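Protein sequences, first through last, are from chains A and B.
Residues 1 to 369 (full-length UniProt numbering) make up the first sequence, in order.
Residues 1 to 282 (full-length UniProt numbering) make up the second sequence, in order.
Don't read these hints as lab results, they were simulated from the structure.
Note that this is a predicted model, so its numbers are computed, not measured.
Among the hints, a few may not be true.
To be verified - Below, in silico cross-link-like pairs of lysine to any residue (SDA-like), each with a Cα-Cα straight-line distance of 25 Å or less:
id: 1; chain 1: A; residue 1: K143; chain 2: B; residue 2: L236
id: 2; chain 1: B; residue 1: K258; chain 2: B; residue 2: H136
id: 3; chain 1: A; residue 1: K325; chain 2: A; residue 2: N79
id: 4; chain 1: B; residue 1: K56; chain 2: A; residue 2: Q180
id: 5; chain 1: A; residue 1: K41; chain 2: A; residue 2: K55
id: 6; chain 1: A; residue 1: K48; chain 2: B; residue 2: L236
id: 7; chain 1: B; residue 1: K56; chain 2: A; residue 2: T241
id: 8; chain 1: A; residue 1: K301; chain 2: A; residue 2: G160
id: 9; chain 1: A; residue 1: K55; chain 2: B; residue 2: P129
id: 10; chain 1: A; residue 1: K87; chain 2: B; residue 2: P192
id: 11; chain 1: A; residue 1: K48; chain 2: B; residue 2: G101
id: 12; chain 1: A; residue 1: K48; chain 2: A; residue 2: R187
id: 13; chain 1: B; residue 1: K225; chain 2: B; residue 2: L236
id: 14; chain 1: A; residue 1: K143; chain 2: B; residue 2: K225
id: 15; chain 1: B; residue 1: K56; chain 2: A; residue 2: M182
id: 16; chain 1: A; residue 1: K73; chain 2: B; residue 2: Y153
id: 17; chain 1: A; residue 1: K143; chain 2: B; residue 2: S9
id: 18; chain 1: B; residue 1: K213; chain 2: B; residue 2: P192
id: 19; chain 1: A; residue 1: K55; chain 2: B; residue 2: F100
id: 20; chain 1: A; residue 1: K73; chain 2: B; residue 2: Q59
id: 21; chain 1: A; residue 1: K55; chain 2: B; residue 2: P192
id: 22; chain 1: B; residue 1: K56; chain 2: A; residue 2: K263
id: 23; chain 1: A; residue 1: K73; chain 2: B; residue 2: R157
id: 24; chain 1: A; residue 1: K263; chain 2: A; residue 2: M182
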Amino acid sequence: MSKIEDLEFPYCQDVNKYEKLAKIGQGTFGEVFKARDRKTKTLVALKKVLMENEKEGFPITALREIKILQLLKNENVVNLIEICRSKATPYNRFKSTFYLVFEFCEHDLAGLLSNSNVKFTLGEIKKVMQQLLNGLYYIHSNKVLHRDMKAANILITKSGQLKLADFGLARAFSINNKGQPMRYTNRVVTLWYRPPELLLGERDYGPAIDMWGAGCIMAEMWTRSPIMQGDTEQRQLQLITQLCGSITTKVWPDVEKYELYTKMELPKDQKRKVKDRLKAYIKDQYALDLLDKLLTLDPTKRIDGDRALDHDFFWTDPRPCELGKMLSQHTMSMFEYLAPPRRRGAGPHQQQPVAKPAASMDQHFDRIF
Amino acid sequence: MAGNFWQSSHYQQWILDRQDLTRERQIDLKVLTEEEYQKLMIFYANLIQSLGEQLKVRQQVIATATVYFKRFYARNSLRCIDPLLMAPTCIFLASKVEEFGVISNSRLISTFQTVLKTKFQHAFQQEFPYRVNHVHECEFFLLEMMDCSLVLYHPYRPLTQYIADLGQEELLPLSWRIINDSLRTDVCLLYPPYLIALACLHMACVIQGKDCKTWFAELSVDMDKILEITRHILALYDLCKSFDEKKEISTLLNRMPKPKTSPSRPPSQGPNGDGQESQSRQ
């Protein structure tokens with residue numbers, strides 16, 4: 001009679017239909033591989049679902065990513081093609097593994113920015129930001145927060161199409177209209193991209209947290225490395241204050257509600273220097289103005305996706321221009337995971353691989369064409 | 001999370017037709033009559049409801065768990081995986097998917113044991129034979145079989161919208177309860193949730209003597225479908241009248257097709273010993 005391991009569950013396909021080519025990253029809940037469909041030869045990215053915390057069964061982060069990505073279909077959001085599994089065999093103790101199968105993107109933004117040979121023109125930077133904000137506008141209108149904005153989670157195809165990726169920390173949110181504050185965890189977002197409200201302990205947050213991250217990434221398009229690299233939450237707030245000015249009730253009337261605000265010693269009388277400090281890198285006035293609006297301390301005043309897309313930055317010359325031509329000069333895949341560590345090395349919330357011996361340096365970039 | 005029902009896996013993969021269901025149930029229907037099969041399904045839906053209530057999860061979680069359970073057995077025989085294991089597994093998964101949080105392993109098992117002892121003693125005299133690792137394994141099979149189609153649409157939300165539009169708040173409690181009851185039929189596998197909501201609302205109107213004919217007439221929906229759903233639910237009420245669970249369930253459970261081995265045991269590790277295992281292989 002049929003035993004469970006003999007039963008056929010024909011709904012998830014066997015991951016063996018793909019041939020693994022190389023490991024290209026480490027996601028929130030598992031390894032990522034580049035792979036090729038054996039039949040169609042299409043390239044894909046396979047994200048393995050790690051069953052580390054055995055207590056919770058199938059990880060809730062993976063469930064969220066699956067459920068959210070099955071819902072979100074947009075040109076600026078990474079496309080989940082299907083879910084595959086490995087066959088249960090005696091070798092894996094009859095435990096099959098799940099894989100999320102994504103369309104393959106050649107680069108991530110952190111990888112591109114860490115390579116000094118990759119140069120973006122102003123028009124190309126506009127295109128990157130326009131696509132990024134468009135993706136955020138789309139997910140936010142679908143009531144989803146990304147919660148892990150950072151350059152490494154922004155994928156770019158070789159033709160220059162940008163995709164928001166890694167929804168392992170994402171979750172649905174509801175507009176709070178019953179007066180009941182939401183209680184989401186505030187232990188989200190990689191520290192360097194974490195907005196001041198989360199650092200102050202906010203649990204009833206919204207889309208504005210992703211807009212802060214978009215601001216950090218935008219500045220990085222010129223500075224080429226993350227602009228505020230704190231190593232503790234306190235230090236991160238200090239760095240924010242040094243750039244965006246002191247946190248006061250004058251710029252952020254509501255801020256007194258945070259217990260941490262009254263407890264924490266933060267630099268006082270700091271002037272806001274967003275434009276001043278960044279004009280050494282950024283000549284365009286519109287760019288500085290948009291950046292200033294994205295890096296607004298008070299989340300209720302921070303610009304949202306819709307208004308950011310209407311900003312003059314995108315509607316004045318030079319206009320946003322396609323990235324495909326510039327990227328076609330680079331025939332190597334660039335991922336942060338494969339690149340040598342950027343300045344200052346690993347942040348507290350991201351594990352970067354230990355630098356490998358120079359002899360294997362050229363393998364860090366994996367040939368794609 | 002908003003999402004669009006018409007683009008969802010719920011609509012595209014999981015609205016089945018009657019023939020599908022009958023065909024997939026052939027193996028079980030060789031042993032059980034259609035009516036007996038329905039009674040078992042009612043029984044397990046009650047079990048899921050009781051467990052959910054005892055764990056104090058929202059009705060949304062219970063509804064999702066019940067539909068997961070029905071989806072699994074819409075595609076598999078009852079003998080594939082013991083429904084007694086599938087029931088808590090569905091609650092466990094649904095609680096995560098519906099963002100109710102992860103129910104701790106020990107709480108899930110101990111609560112289920114309590115529910116079985118206090119409310120279902122007449123059906124199960126023995127201790128709950130499964131442990132947490134069985135639940136986790138079962139969760140895998142459930143996910144696989146559903147092709148990870150996790151997001152469900154329930155009739156509750158459309159119902160509240162229709163009632164607001166109709167402006168007759170007093171219809172809400174009864175229609176809501178009829179929707180809960182509808183989870184004991186196949187309608188959630190056969191019809192989109194907005195139609196189920198309308199059918200339940202329609203029934204509530206008739207029962208409470210509200211005349212909503214013009215409102216329904218202006219909807220331009222297929223009233224035949226609504227009547228089909230109504231017939232399913234009325235058939236359930238008829239069946240329940242003649243179903244004495246306490247008396248009948250033991251016999252039904254005995255006759256139900258069962259797995260030969262419990263789910264998690266690879267061939268050589270079964271506590272029943274190797275001999276028996278290898279015999280059943282030959």
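Right, here's what the structure says about each hint:
1. A/K143 - B/L236: Between A/K143 and B/L236 the Cα gap is close to 37 Å, so the pair fails against 25 Å, i.e. violated.
2. B/K258 - B/H136: holds, 20 Å
3. A/K325 - A/N79: holds, 23 Å
4. B/K56 - A/Q180: holds, 20 Å
5. A/K41 - A/K55: Cα-Cα ~38 Å, so violated.
6. A/K48 - B/L236: Violated, at about 44 Å.
7. B/K56 - A/T241: violated, 44 Å
8. A/K301 - A/G160: Judged against 25 Å, a Cα distance of about 32 Å means the pair is violated.
9. A/K55 - B/P129: Distance of about 19 Å is within 25 Å: holds.
10. A/K87 - B/P192: Roughly 34 Å separates the two Cα atoms, so the pair is violated.
11. A/K48 - B/G101: Roughly 23 Å between the alpha carbons, so the hint for A/K48 and B/G101 holds.
12. A/K48 - A/R187: Holds - the C-alpha atoms of A/R187 and A/K48 are around 23 Å apart, at most 25 Å.
13. B/K225 - B/L236: Answer holds: B/K225 to B/L236 is near 17 Å, not above 25 Å.
14. A/K143 - B/K225: Violated - the C-alpha atoms of B/K225 and A/K143 are around 32 Å apart, more than 25 Å.
15. B/K56 - A/M182: Within the cut-off at roughly 19 Å; holds.
16. A/K73 - B/Y153: holds, 18 Å
17. A/K143 - B/S9: Distance ~19 Å between A/K143 and B/S9 Cα, so the pair holds.
18. B/K213 - B/P192: holds, 22 Å
19. A/K55 - B/F100: holds, 16 Å
20. A/K73 - B/Q59: Given pair A/K73, B/Q59 is violated - Cα atoms ~29 Å apart, limit 25 Å.
21. A/K55 - B/P192: violated, 35 Å
22. B/K56 - A/K263: violated, 37 Å
23. A/K73 - B/R157: holds, 23 Å
24. A/K263 - A/M182: holds, 23 Å
Violated hints for the displayed structure, listed by number in ascending order: 1, 5, 6, 7, 8, 10, 14, 20, 21, 22.
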